[in-house]
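Number of protein chains: 2
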Amino acid sequence: MNMFFNPRSVVVIGASNSPFNLGSTICRALNEYSPYDGKIYAVNRKGETVHGCPGYVSVADIPDTVDLAVIITPAKVVPGFVRQCGLKGIKRVIIESSGFSEGGQEGREMQDDIDRTARLYDMRIMGPNCLGVLNTQNKFCCFYGIQEDNFDMFVQDKGEISYVIQSGGIVVIVLESFVGDVVGVNKIVSIGNKSDIDEADMLEYFNTDEDTRVIGMYLENIRDGRRFLDAAKKVKKPVIAFKVGRSSEGAKAAQSHTAGMANNDMIFDNACKQGGIIRAQSISELHSLPKIFTHMPPLKGKRIAVFTNSGAFGGITADLLVDAGLEMAKLSDETQDKLSRTGQIFNVANPIDLGPALSMQTFLEIFDILLSSDEVDGLLPVPSLWHPMVIDAIIELTKKCWVYGKPAAIYTPNSVQKTISYRQEYDVALFESPEEAVRALKVSHLNWCYQNIKDETSFRRSCEKQLSGETGLCRNMIQSV
Amino acid sequence: MNMFFNPRSVVVIGASNSPFNLGSTICRALNEYSPYDGKIYAVNRKGETVHGCPGYVSVADIPDTVDLAVIITPAKVVPGFVRQCGLKGIKRVIIESSGFSEGGQEGREMQDDIDRTARLYDMRIMGPNCLGVLNTQNKFCCFYGIQEDNFDMFVQDKGEISYVIQSGGIVVIVLESFVGDVVGVNKIVSIGNKSDIDEADMLEYFNTDEDTRVIGMYLENIRDGRRFLDAAKKVKKPVIAFKVGRSSEGAKAAQSHTAGMANNDMIFDNACKQGGIIRAQSISELHSLPKIFTHMPPLKGKRIAVFTNSGAFGGITADLLVDAGLEMAKLSDETQDKLSRTGQIFNVANPIDLGPALSMQTFLEIFDILLSSDEVDGLLPVPSLWHPMVIDAIIELTKKCWVYGKPAAIYTPNSVQKTISYRQEYDVALFESPEEAVRALKVSHLNWCYQNIKDETSFRRSCEKQLSGETGLCRNMIQSV
Numbered sequence: 001m002n003m004f005f006n007p008r009s010v011v012v013i014g015a016s017n018s019p020f021n022l023g024s025t026i027c028r029a030l031n032e033y034s035p036y037d038g039k040i041y042a043v044n045r046k047g048e049t050v051h052g053c054p055g056y057v058s059v060a061d062i063p064d065t066v067d068l069a070v071i072i073t074p075a076k077v078v079p080g081f082v083r084q085c086g087l088k089g090i091k092r093v094i095i096e097s098s099g100f101s102e103g104g105q106e107g108r109e110m111q112d113d114i115d116r117t118a119r120l121y122d123m124r125i126m127g128p129n130c131l132g133v134l135n136t137q138n139k140f141c142c143f144y145g146i147q148e149d150n151f152d153m154f155v156q157d158k159g160e161i162s163y164v165i166q167s168g169g170i171v172v173i174v175l176e177s178f179v180g181d182v183v184g185v186n187k188i189v190s191i192g193n194k195s196d197i198d199e200a201d202m203l204e205y206f207n208t209d210e211d212t213r214v215i216g217m218y219l220e221n222i223r224d225g226r227r228f229l230d231a232a233k234k235v236k237k238p239v240i241a242f243k244v245g246r247s248s249e250g251a252k253a254a255q256s257h258t259a260g261m262a263n264n265d266m267i268f269d270n271a272c273k274q275g276g277i278i279r280a281q282s283i284s285e286l287h288s289l290p291k292i293f294t295h296m297p298p299l300k301g302k303r304i305a306v307f308t309n310s311g312a313f314g315g316i317t318a319d320l321l322v323d324a325g326l327e328m329a330k331l332s333d334e335t336q337d338k339l340s341r342t343g344q345i346f347n348v349a350n351p352i353d354l355g356p357a358l359s360m361q362t363f364l365e366i367f368d369i370l371l372s373s374d375e376v377d378g379l380l381p382v383p384s385l386w387h388p389m390v391i392d393a394i395i396e397l398t399k400k401c402w403v404y405g406k407p408a409a410i411y412t413p414n415s416v417q418k419t420i421s422y423r424q425e426y427d428v429a430l431f432e433s434p435e436e437a438v439r440a441l442k443v444s445h446l447n448w449c450y451q452n453i454k455d456e457t458s459f460r461r462s463c464e465k466q467l468s469g470e471t472g473l474c475r476n477m478i479q480s481v
Numbered sequence: 001m002n003m004f005f006n007p008r009s010v011v012v013i014g015a016s017n018s019p020f021n022l023g024s025t026i027c028r029a030l031n032e033y034s035p036y037d038g039k040i041y042a043v044n045r046k047g048e049t050v051h052g053c054p055g056y057v058s059v060a061d062i063p064d065t066v067d068l069a070v071i072i073t074p075a076k077v078v079p080g081f082v083r084q085c086g087l088k089g090i091k092r093v094i095i096e097s098s099g100f101s102e103g104g105q106e107g108r109e110m111q112d113d114i115d116r117t118a119r120l121y122d123m124r125i126m127g128p129n130c131l132g133v134l135n136t137q138n139k140f141c142c143f144y145g146i147q148e149d150n151f152d153m154f155v156q157d158k159g160e161i162s163y164v165i166q167s168g169g170i171v172v173i174v175l176e177s178f179v180g181d182v183v184g185v186n187k188i189v190s191i192g193n194k195s196d197i198d199e200a201d202m203l204e205y206f207n208t209d210e211d212t213r214v215i216g217m218y219l220e221n222i223r224d225g226r227r228f229l230d231a232a233k234k235v236k237k238p239v240i241a242f243k244v245g246r247s248s249e250g251a252k253a254a255q256s257h258t259a260g261m262a263n264n265d266m267i268f269d270n271a272c273k274q275g276g277i278i279r280a281q282s283i284s285e286l287h288s289l290p291k292i293f294t295h296m297p298p299l300k301g302k303r304i305a306v307f308t309n310s311g312a313f314g315g316i317t318a319d320l321l322v323d324a325g326l327e328m329a330k331l332s333d334e335t336q337d338k339l340s341r342t343g344q345i346f347n348v349a350n351p352i353d354l355g356p357a358l359s360m361q362t363f364l365e366i367f368d369i370l371l372s373s374d375e376v377d378g379l380l381p382v383p384s385l386w387h388p389m390v391i392d393a394i395i396e397l398t399k400k401c402w403v404y405g406k407p408a409a410i411y412t413p414n415s416v417q418k419t420i421s422y423r424q425e426y427d428v429a430l431f432e433s434p435e436e437a438v439r440a441l442k443v444s445h446l447n448w449c450y451q452n453i454k455d456e457t458s459f460r461r462s463c464e465k466q467l468s469g470e471t472g473l474c475r476n477m478i479q480s481v
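Residue numbers (my numbering), protein chains in the order written: chain A, 1 to 481; chain B, 1 to 481.
It is worth saying that the hints were derived from the structure and are not from the lab. Take these hints with a grain of salt, some might be off.
Pairs involving identical chains hold if they fit within one copy or between any two copies, as the list cannot separate such chains.
Below, computed lysine-lysine pairings styled on DSBU-like, alpha-carbon distance capped at 35 Å [as the list claims (entries may be wrong)]:
hint : residue 1 : residue 2
1    : Lys399    : Lys330
2    : Lys233    : Lys39
3    : Lys236    : Lys399
4    : Lys39     : Lys399
5    : Lys233    : Lys76
6    : Lys76     : Lys300
7    : Lys399    : Lys88
8    : Lys91     : Lys46
9    : Lys139    : Lys330
10   : Lys252    : Lys338
11   : Lys418    : Lys237
12   : Lys418    : Lys399
13   : Lys330    : Lys76
14   : Lys300    : Lys273
Whole structure, please, built from the sequences with the hints as guidance.
Below you can see the structure in the form of structure tokens.
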């Protein structure tokens, strides 16, 4: 699978200098926008060079071995080119063309033809009807139609999150939404009709891929429920999956888009629960939530301490935490006394009302009191950014979270525009709404429970230690979150 | 009530030139940032002029009648100043100081004292523990602590939405979020502990206020459930209300913030249903949803046509519409034929897949076919902005919606940052997520049902016409949305 993301040489079949040619945009991106240093060839009717990539009339004419073929031609000539690739010894093929099983009987027959060829020559096929892959590490990207400014914006290299996305439109939103975020994409694969490579293959690959810390999925159907569940059970990383088609209307729409069987959504839902996959409630969660995994330690219990200097948000977040199945931490008299002694706090019961003005020193004392307390598993800070000192305090808080091994999902009560600009300017993990921050805490805890169920002995040990050791508690925890 | 928003003269009691004086920030805003042309006086211990506003030692010394007093002094001297106002004949008083019923027994006693004085002199009191009022029409704003750049940013004059907000923190978020939106604030009132004026008073006032088209509310409790319900039943405008305290933990937090009784949330919920108030699911809905009322005709039925050029969103929106109790419109063969004849569409069944490239002419034809069809009550367009022509088409669509009397909740599948910047640049009502667009359609329909139940005869007539006239259908519609 690695060869799809790190090919030493690639041929773009269907790239020419004709106007509006999509293949040429792939050659352009690889050879002109990207520092990718593998060899790039083009195949077209005239054998012409495309954006500096040597062109040939046939795959057989390429005077070198080729790791990966990208095919972007009219559907009817694709089966022939797949055979050329087989004969040439190319083992990895991405078919970006559409017009196969999503388009009716004739398309399905062509897809069957391709499948037979692939088996014959022992090739792996990605697609058809897809965008292929993006690897931000070596900047290899075979998406068609990408412009230079988009390439520079999208293909940043700080990403630790890898995605399996069954639709080009979602790829664009995810990439766009990460611009200026503290997290980003490591690899994306758009698997389209998945005649061969499917979500289970990708889950297995990203699980072993060292650069990937969190896995995101957008799915319109599951090709093989059993295999998917087996793969999910083995994954040791957080997986967040959005699936369309909860309703029969949605399933019908998805079917006409990427040709999958309209799966029963209940089956997928059960697979997520059994396989330890977090089901996203909206597509925006695919990019908004991973930062709780990359930028914070896991939430190992349910007891959350809220602190804010905007009284309204004490109540709002308390409601949201209860809705989410988490709990407002009950602070003992001793802890409340410690908070009182910091001198300036309005209300020391949880939610803690900081009042309008605190010094940096007081902020730091509060962080230590709460994070060191065995009454608290995690924090939900809602500090309004009325003074530059507050952002400095937030940055210190993120460091302390790692020291104490407890997470904070930080929401600053401002407009989304302002939150995004602060996150970008100070490179700190801020969530965009109180709902998103609470959801982040919930998925952090849910993933911690899932990973520990996968390793049940150590999980039971942690449960016993933390939660007085009732039998059966582990599974109950998941059910109740 | 009008005198609170349009006073001819105002005195700020507690405004002085001492460092960190909050009253002086009110004088500064009114006299320096705002073109407000009423008279402004200050009352302080030295009788000194504050930011150009003549100062007096006592209210009695002011050589003129005064419409409105704003009190921002330590709590313990407030009752005395309220009496001075009564003696001076001032009938409207805003008490911004905190430290009353939200702070314990002593505070409650002072609040009782104020209430007695108010009854004696026939005065209306707003607050205590509040920010007071903002009227963007005459730019009268008595919020304390506001800075000049915030004043210019927040106090814009295109607003048609008026708010009753029981917390200063929420006021700031709402104002900030409207920056660059197509809608904005007309009036805001922060009513705090509401010892006298409460949410029911404000609902009645905004219902009669000609400049207000939509009413938003943030509440931590309801002072008088019966009065609130009576007021709600008479309101002829859309009302969107967020209430904190759904859980007992949230109610407890709200109580310590603005001192209300922890109401049973079920009672509020029932009052909303009976009174025709739309309950917001998050505080962001207070600013995100009103544009469906100000910028689109109402949704009179449930049948929605979706069109998109990003196939994934066909399925995503179909799921969301079904979840929301709306319906995917079933397009007849005749309508599908008409769509086919436009020549370039991938899939003419609903959700309609436009395919990658359409001309302006095709867009306009599609709008006319769908909006004129009696199979369709409203549109959910999800066009990606791949070409400047698409935004021109969207602008034409918004005009056609008024011609046909059917709404479109438009979502462009891009990052939130990009959607906000397009909305600002082209002054067109775009929603920020598919969830928000679907929710907007739902609340539009819900409000239409509510308003018509309030006027039951005409409502039954519309139901019969649209929905084949089953008895009892009206109330069923609301229950099922």
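Evaluated hints:
With identical chains, the CA atoms of Lys399 and Lys330 are at most 35 Å apart within one copy only, with a shortest distance of 24 Å there and 55 Å across copies. For a Cα distance limit of 35 Å, the shortest separation of Lys233 from Lys39 qualifies neither inside one copy, at 38 Å, nor across copies, at 72 Å. Taking CA atoms no more than 35 Å apart as the test, Lys236 paired with Lys399 passes inside one copy only; the shortest distance there is 25 Å, against 53 Å between copies. In this homomeric assembly, Lys39 and Lys399 never come within 35 Å of each other (Cα to Cα): the closest approach is 43 Å inside a single copy and 52 Å across copies.
Taking the shortest Cα distances, Lys233 and Lys76 never come within 35 Å of each other, neither inside one copy (39 Å) nor across copies (64 Å). For the homomeric pair Lys76 and Lys300, neither the shortest alpha-carbon distance inside one copy (54 Å) nor that between copies (47 Å) is at most 35 Å. In this assembly of identical chains, the alpha carbons of Lys399 and Lys88 never lie at most 35 Å apart, being 54 Å within a copy and 58 Å across copies at closest. Taking the shortest Cα distances, Lys91 and Lys46 sit within 35 Å of each other inside one copy (25 Å), while across copies they are farther apart (89 Å).
Taking the shortest alpha-carbon separations for Lys139 and Lys330, neither the intra-copy value of 49 Å nor the inter-copy value of 45 Å comes in at or below 35 Å. In the homo-oligomer, the alpha carbons of Lys252 and Lys338 lie at most 35 Å apart only across protomers (22 Å), although the nearest pairing inside one protomer, at 58 Å, exceeds that limit. Taking identical chains as interchangeable, the C-alpha atoms of Lys418 and Lys237 lie at most 35 Å apart whether they share a chain (31 Å) or sit on different chains (31 Å). Taking the closest pair of Cα atoms, Lys418 and Lys399 come within 35 Å of each other both inside a single copy (23 Å) and across two copies (32 Å).
For the identical chains of this complex, Lys330 and Lys76 are inter-copy neighbours only, at 33 Å across copies versus 67 Å inside a copy, given an alpha-carbon limit of 35 Å. For the identical chains of this complex, Lys300 and Lys273 are intra-copy neighbours only, at 18 Å inside a copy versus 40 Å across copies, given an alpha-carbon limit of 35 Å.
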